[in-house]
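Each chain is listed here by its residues.
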Amino acid sequence: MEVKELTCVICPLGCRAKVYVEGGRAVGWEHLECKAGEEYVKREVERPLRDFFTVVRVKGGGVLPVRSTGPIPKERLKEAVKELAAVEVEGPVRMGEVVVKNLLGLGVDVVATWELE
Amino acid sequence: MRVEGEVELVVVGGGAAGLAAALKAREEGIEEIWVLDRNERPGGILPQCIHTGFGLHYFGENLTGPEYIHRFIRRAREEGITIKLETMVLRLTKEREVVAVNPSEGLLKLKAGAVILAMGCRERPRGSLLIPGGRPAGIFTAGTAQRLLDLEGYLPGREVVILGSGDVGLIMARRFAMEGVEVKAVVELMPYPGGLGRNVVQCLEDFGIPLLLRRTVTHIHGRERVEAVTVAEVDGEGNPIPGTERKIPCDTLVLSVGLIPENELSEGAGIELDERTGGPFVDEFMRTSLEGFFACGNVVTVFDLVDHVTLTGERAGKSASQYLKGELPPPRRVREVRPGENVRLVVPQRVSGEGPVTFYLRVSRPLREARVEVGGKSFFRKAVRPPEMLTVELGKEEVGGLGGEIPVRVLGKPLG
Ligand SMILES: Cc1cc2nc3c(=O)[nH]c(=O)nc-3n(C[C@H](O)[C@H](O)[C@H](O)COP(=O)(O)OP(=O)(O)OC[C@H]3O[C@@H](n4cnc5c(N)ncnc54)[C@H](O)[C@@H]3O)c2cc1C
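Protein chains in written order, with the working numbering: chain A, 2 to 118; chain B, 195 to 610.
These aren't lab readings, by the way, just hints derived from the structure by calculation.
Only a predicted model underlies this, so the values are computations on that prediction, with no experimental measurement involved.
Here a beta-carbon is modelled for each residue, glycine too, at the ideal position from N, C-alpha and C.
Some clues are possibly wrong.
As the list claims (entries may be wrong) - Non-contacting residues of chain B with respect to chain A, defined by C-beta distances greater than 12 Å in every case (computed): (1) R268; (2) K288; (3) L301.
What the hints assert, rightly or not - Quick look at which bits of chain A chain B covers, simulated, 3 or more residues with Cβ under 8 Å: (4) 10-17; (5) 74-88; (6) 99-110.
All chains, please: the whole structure from these sequences, using the hints.
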């Protein structure tokens with residue numbers, strides 16, 4: 002069994018939890034003060050998700066901000082950045098327009114968060 | 195050319211606060227609204243804040259900065275609100291004269307019926323820190339680094355040390371790490387991080403970036419370009435402890451050491467400023483000490499969430515409209531709000547008691563099982579921390595029942 006130290010981010014209390022992990026699953030925890038915190042550490046140990054956002058190059062200069070339509074696994078963030086580094090867009094681009102479909106096969110798209118004339 | 199004329203409502207600054215104020219005033223039936231902003235694009239600081247986390251309160255959605263502000267820019271255009279860009283306001287007078295300049299019209303001299311101050315805040319620069327060393331290239335404020343990276347598309351460096359662990363610094367640490375820039379450390383003077391716990395986890399721990407608490411940068415090395423910084427431990431007073439110095443090689447130093455409300459214009463007009471917030475004294479109507487002048491957003495105090503900035507903007511927009519229509523209740527029985535134990539600042543600083551009041555306050559240290567006391571009323575909070583702004587609301591009745599002064603304090607147990 003592995004022991005992980007995690008800080009809960011659900012509320013300003015910021016409990017520092019000790020989580021016991023076995024086969025990738027949280028099997029026990031200490032120093033958590035509420036149910037929401039327990040759910041949080043379980044998620045963080047078993048399948049931590051993060052919002053993904055970056056900028057892509059615009060043909061002729063400048064950048065356009067983009068985001069994923071849903072959170073992606075934390076350990077795929079850097080891979081996602083690499084994927085987007087290869088993308089170049091050309092105007093016009095509408096707000097919310099899809100820039101990359103089905104990012105890394107994760108079932109989310111990457112969309113523009115600004116518009117381009 | 196020189197433009198002279200009368201304008202019903204002038205809004206100085208076209209960020210989240212100014213746009214919300216202008217839209218509210220339109221809704222209240224004000225026809226002539228001019229928003230003046232010195233930038234080339236509207237929206238203030240938000241177009242460069244490309245991360246998510248905006249709008250959870252106001253829209254009930256998790257938006258990026260550009261998405262959040264785009265909604266207001268689009269509506270302002272639909273409503274035909276005049277947004278004058280590249281227009282720098284130079285001077286405001288008591289008589290509500292607004293002097294501004296832009297490249298296409300030259301000098302603008304306007305007489306405004308009412309003025310809303312929405313100039314936001316600026317970052318504390320290196321000069322105010324007095325770190326010894328040369329003047330090499332590679333020193334940026336966090337906001338400048340953010341603009342370079344996310345608006346203009348340049349990497350400011352390859353190996354970065356960030357001084358200051360406020361939210362802007364933490365968010366930049368993550369942006370750098372994601373783009374393959376090595377963040378050597380985030381250095382913080384205080385014994386606890388300056389930003390939210392969520393940002394410490396998701397911006398530093400996720401990327402294995404060390405957070406060096408109780409430490410500061412004591413020297414910047416390099417002649418042409420930054421080559422390293424010296425970091426030392428500090429004592430209880432924040433003074434470096436000799437013998438604890440460590441040199442960290444890097445080519446870039448990013449400063450995230452605090453934001454200051456932008457109030458040179460307000461001061462010039464003779465508006466009274468609060469030393470604690472660095473912004474004008476306001477009442478619950480976002481009315482300043484000078485008749486016909488209102489203020490909102492980060493020019494009043496540095497807010498943690500843009501959602502609150504928007505709400506203060508709407509309040510200011512509504513009050514200015516009421517003022518223009520002669521419907522704003524005059525300040526009859528003004529009560530002073532008195533920050534006490536563990537309260538670093540509180541807004542509004544004055545209450546005239548004509549309606550409900552939302553108080554925004556910051557504590558001076560982390561506390562658990564906290565009791566926020568406003569007037570005689572007490573509000574419980576499981577935990578409070580300096581980076582998080584607390585909001586408490588008092589109804590009209592409760593405000594009416596308060597005495598001549600409104601003491602505000604926060605009691606609780608120390609939180610590690
Ligand atoms: C670098 C940085 C990063 C931030 N990141 C976040 C974040 O991640 N999340 C978050 O919730 N908040 C963030 N904030 C806080 C953010 O500023 C507020 O949430 C909100 O956007 C502030 O809105 P505002 O309208 O008060 O100010 P601003 O957005 O700063 O707008 C003020 C406007 O006034 C204009 N102006 C000022 N003086 C003049 C003049 N004399 N003449 C003409 N125009 C003038 C400026 O050009 C600017 O456009 C950040 C702030 C900074 C400085």
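Okay, the hints, checked on the actual structure:
1. R268: violated (9 Å)
2. K288: Non-interface label on K288(B) holds, nearest chain A Cβ at 40 Å vs cutoff 12 Å.
3. L301: holds (30 Å)
4. 10-17: Coverage by chain B holds for the region 10-17 of chain A (5 residues, Cβ < 8 Å).
5. 74-88: holds (count 4)
6. 99-110: It is violated: at least three residues are needed, and the region 99-110 of chain A offers just 0 whose Cβ sits closer than 8 Å to chain B.
Taken one by one, the earlier hints fail for this structure at numbers 1, 6, listed in ascending order.
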